[in-house]
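Taken in order, these protein sequences are the chains called A and B. Just so you know, we're using the numbering used here here: the first sequence kicks off at 1 and counts up by one. Just so you know, we're using the numbering used here here: the second sequence kicks off at 1 and counts up by one.
Quick caveat, the hints were computed from the structure, so don't treat them as lab data. Backbone N, C-alpha and C fix where the C-beta goes; we use that ideal spot for every residue, glycine too. Incorrect hints may appear among the rest.
[Said to hold, decoys possible] 27 Å max Cα-Cα, derived BS3-like pairs, lysine-lysine:
1) Lys102(B) to Lys183(A)
2) Lys123(A) to Lys183(A)
3) Lys222(A) to Lys102(B)
[Said to hold, decoys possible] Partial selection, computed: residues in chain B whose CB lies under 10 Å from chain A:
4) Arg11
5) His12
6) Ser16
7) Leu99
8) Phe139
9) Phe171
10) Phe172
11) Glu258
12) Asp261
13) Glu262
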Amino acid sequence: MSALCIDRLSKAYRLYPNRWARLAEWLLPGGKPRHELKWVLHDISFTVQPGEALGIVGLNGAGKSTLLKMITGTTQPTTGSITTSGRVAALLELGLGFHPEFTGRQNAFIAGQLLGYNNEEIKRSMAQIEEFAQIGDYIDQPVRIYSSGMQMRLAFSVATAIRPDVLIIDEALSVGDAYFQHKSFERIREFQKLGTTLLIVSHDKAAILSICNRAILLNDGKIAMQGKPEAVLDYYNAIQTERQGRQITCNALPDGQMQTQSGSGEARITKISLLNAENEPITTVYVGQPIQIRIVVTINQDIDSLVLGCGVKDRFGQMVFGTNTYHTNQILCDLKRNETCVYTISCLANLGVGSYSIHASLVRSHSHIDKNYHWIDNASIFEVINLDKVEFVGTLWNEMHFQIEKSGMQPALKHAEPALVIEKQASTDNLGEKSNREIVIVDIGCRWGFAEKFTRGGYRVYGFDPDTEECNTLSRRYQSNSVSIVPVALAEGDGTRTLHVTQEPACSSLLRPDPKLTEVYPALSCARQVSSIEIETTSLDAWARRSGVPCIDFIKIDTQGSELEILKGATITLQGVRCLEVEVEFNPIYLDQPLFSDVDQFLRKAGFILWKLTNQVHYSKEGAPETQIGEDAIFYDEKQQIKHPLYGGQLYWANAHYINSDVLSTPDSEAQQLRDITLFTTLGMPDVVSHLVGVT
Amino acid sequence: MKRINALWTYRHFVLSSIQREFQSKYRNTLLGASWAVINPLLMITLYTVIFSQVMHARLQGTSENFAYSIYLCAGILSWGLFSEITSRAQTVFLENANLLKKINFPRLTLPVIVISNAAINFAIVFGLFSLFLLVSGYFPGIVYLALAPLLAILIAMAIGIGITLGILNVFFRDIGQSFGVIIQFWFWLTPIVYPVDILPPQIQAIVNLNPMTPLLAGFQTTLVFGQWPNWEAQLYPALLALFLCGFGLHLFRRHAAEMIDEL
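Pulled out of the complex, with its shape left as it was, chain A reads as follows (with noise of 0.2 Å):
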């Protein structure tokens, strides 16, 4: 459900030639009109999800201001519709209603009270709009005496005291000092996350660059361009430059980013390209590496004044840095038709880990209003990553000097020591060296192969999987030393059982499939059996004796319900194991299946502790699931909450992630630990390792 669906809206305000032109048309009988129509918005439709947050540009008159007033209810449509759903609450004008004679707590429940709160919703929040206004005693003198930062502060707190459904914000963001402003932003940042759809319209760039999901470009009371925030707000740039009508494009890039050129085209950039120190073409920067930006220009007409602009700008459109040929006092002058110029920009990529695009422009001054040659919008999309740097946040790279002073028994620590830390880190980039051997993984029932990540280097890879011409493929597949597939079957220990073969191969079990349990979910059906056939089993631990496989560090089991059994068999081997990935059932498929609870006792004992499920299957008796019953929520850390939606059905299976409870203590080694940051960092297991990182 939408919170928020415009359809087909338009709105024309009445125009007479004259007043008396109204009255005659009030009184006069036949009912001809006698106005005429201004259209001011027409045929706008979006839909707004909750929790979306939509973001309104145009130049004045574009018909913003009266979409949102159509929206807030008080003024009606001349066609189309509106549907909310939920409390509509709009910031468009703070401390309207205020009463200057009166005291800020009496103003706050009128403006409640305005907004439609009942005394008692204001009564509870009243500390918390006393607290988060910040005025302190000033609550209890009249608004009068308040700084007009103060006001706004109240108002502020009163429209925001209850959580709206969808809360629309008119230029109303800028209020009061940059502290409130941060507060003002975060609550409205807050009440997205808990669901409140937020319209923003604000020509303030970077407000809707860091907030909306979405905007739509107004003009002319049309929807002229609807997308994500950056492609249309350098749209709108072009359009607040262009206004005499000359040519602005906008194309898709093939990463699906939006680039836009606009320019009359005197002089035009024929060719932007990113290069190293050496001078060859890269698409990935280091943070911190120096590089060059090479833009080719080529004059089409003769221009007596030419300036080039450049600057870096991050994923949300936001300028990082950049500056002007003006500004460094090298503007070019009496440029002739067919000449061509080569600038040379040199930098650092003092950026930081994340997506970048190259914005340059020619224009004929300082400012693109005075005449604008050409302009490009993401013209080149580099990549940074940190290969050397300590891991930092941010959109910048600055080196960061931490000294630590600790008072107590110890005498004081000059420096805290990062080099190993740093050291480990680089490490995981060139493993092998000094984790002394490969990494093990076992994948046992690897039908449809392994993941990605396993079969590049650093890695060995046993698969297992029962069914001959699955392995045949398999090995087809990975032609690699490190990849073996090994076509047994195990289970606890050697001998012959019977292998219950289903409709859906992935589904066969050494354990027959409950026959009852696809008439009650379709979905199941995929475990019916079709078929059995005899076939030899082993144990883990007798295969990796025969085998000589010493050591294993990783093992994914995904056996249908033969799970307990298999790791019953690999005693031995899972002392050594630092990680485990199971499917469990936690309601039979097959019949006398053993369930997590089993699984979870057994590796407890065996030194492993749970650490994650995932992928948690449900099956409903309606097949796949059609409508959200409720909401869900992942706690962590008890602050920080996420909200997921909830859909019907009976927890079937889920992956297990299981760690060896050495890995959390001191490791044995230094190699040993090496493994594991390098284990877990594949896993993706971030927050392991920063546990293993943290442990020196």
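Given the structure of chain A, go ahead and fit chain B onto it with the hints provided.
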């Protein structure tokens, strides 16, 4: 019904707006809310003491000392309520233009606030007047109850006219310009200061077309002579009041949206 519900939801807003308007009148005065009593007290004193004792004004057909004073008060006080409601209501939408344009709230709360404020002012002054009647022995007794339906008709008529003019005033500001003069004319064309029988019979016929004439006559009969008013004569103002309320609401429904655009 939806509108009534919306009004109910915003009852707290209505209540505190009334309170705020009342308070703001007496903010920064030394005597505070006592002015709400002092002013009407002085007015009643003026009408009663000055007219009866100083000017010896007499009402035809009675020999009572205070008869004319009571006649005057009955007319002026109820006319005061009527004119306060109409004159406030005809500017209410213009005065609150900013609020109406920016905040979505039930617009009918505004006339409700106007009526309530006028009613409070009237209650104070009329309460004092009733007290005077009690003290001076002119209290009409059980007939006093007749005032309730009369007031209801008066308020309905006032708000009917007020809302109609309030809406029209948004589109045609001439209404606001002419209102002050017209209400003055109306006041003098209604037998308030003078009794109706001093007029020549032809003129009386015309004056009787004025719906306020029978209505105010009701107040006067009740308070001066202690008699039940002529109920049949109230039919005309009552029906007119009902019609005006209906017309005002109809106008409001039809032009509310356009009104916001025009403000």
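These are the hints, each one checked on the structure:
no.	hint	in the structure
1	Lys102(B) to Lys183(A)	24 Å, holds
2	Lys123(A) to Lys183(A)	22 Å, holds
3	Lys222(A) to Lys102(B)	23 Å, holds
4	Arg11	9 Å, holds
5	His12	5 Å, holds
6	Ser16	6 Å, holds
7	Leu99	6 Å, holds
8	Phe139	39 Å, violated
9	Phe171	6 Å, holds
10	Phe172	7 Å, holds
11	Glu258	7 Å, holds
12	Asp261	5 Å, holds
13	Glu262	8 Å, holds
Checked against the numbered hints given earlier, this structure breaks only hint 8.
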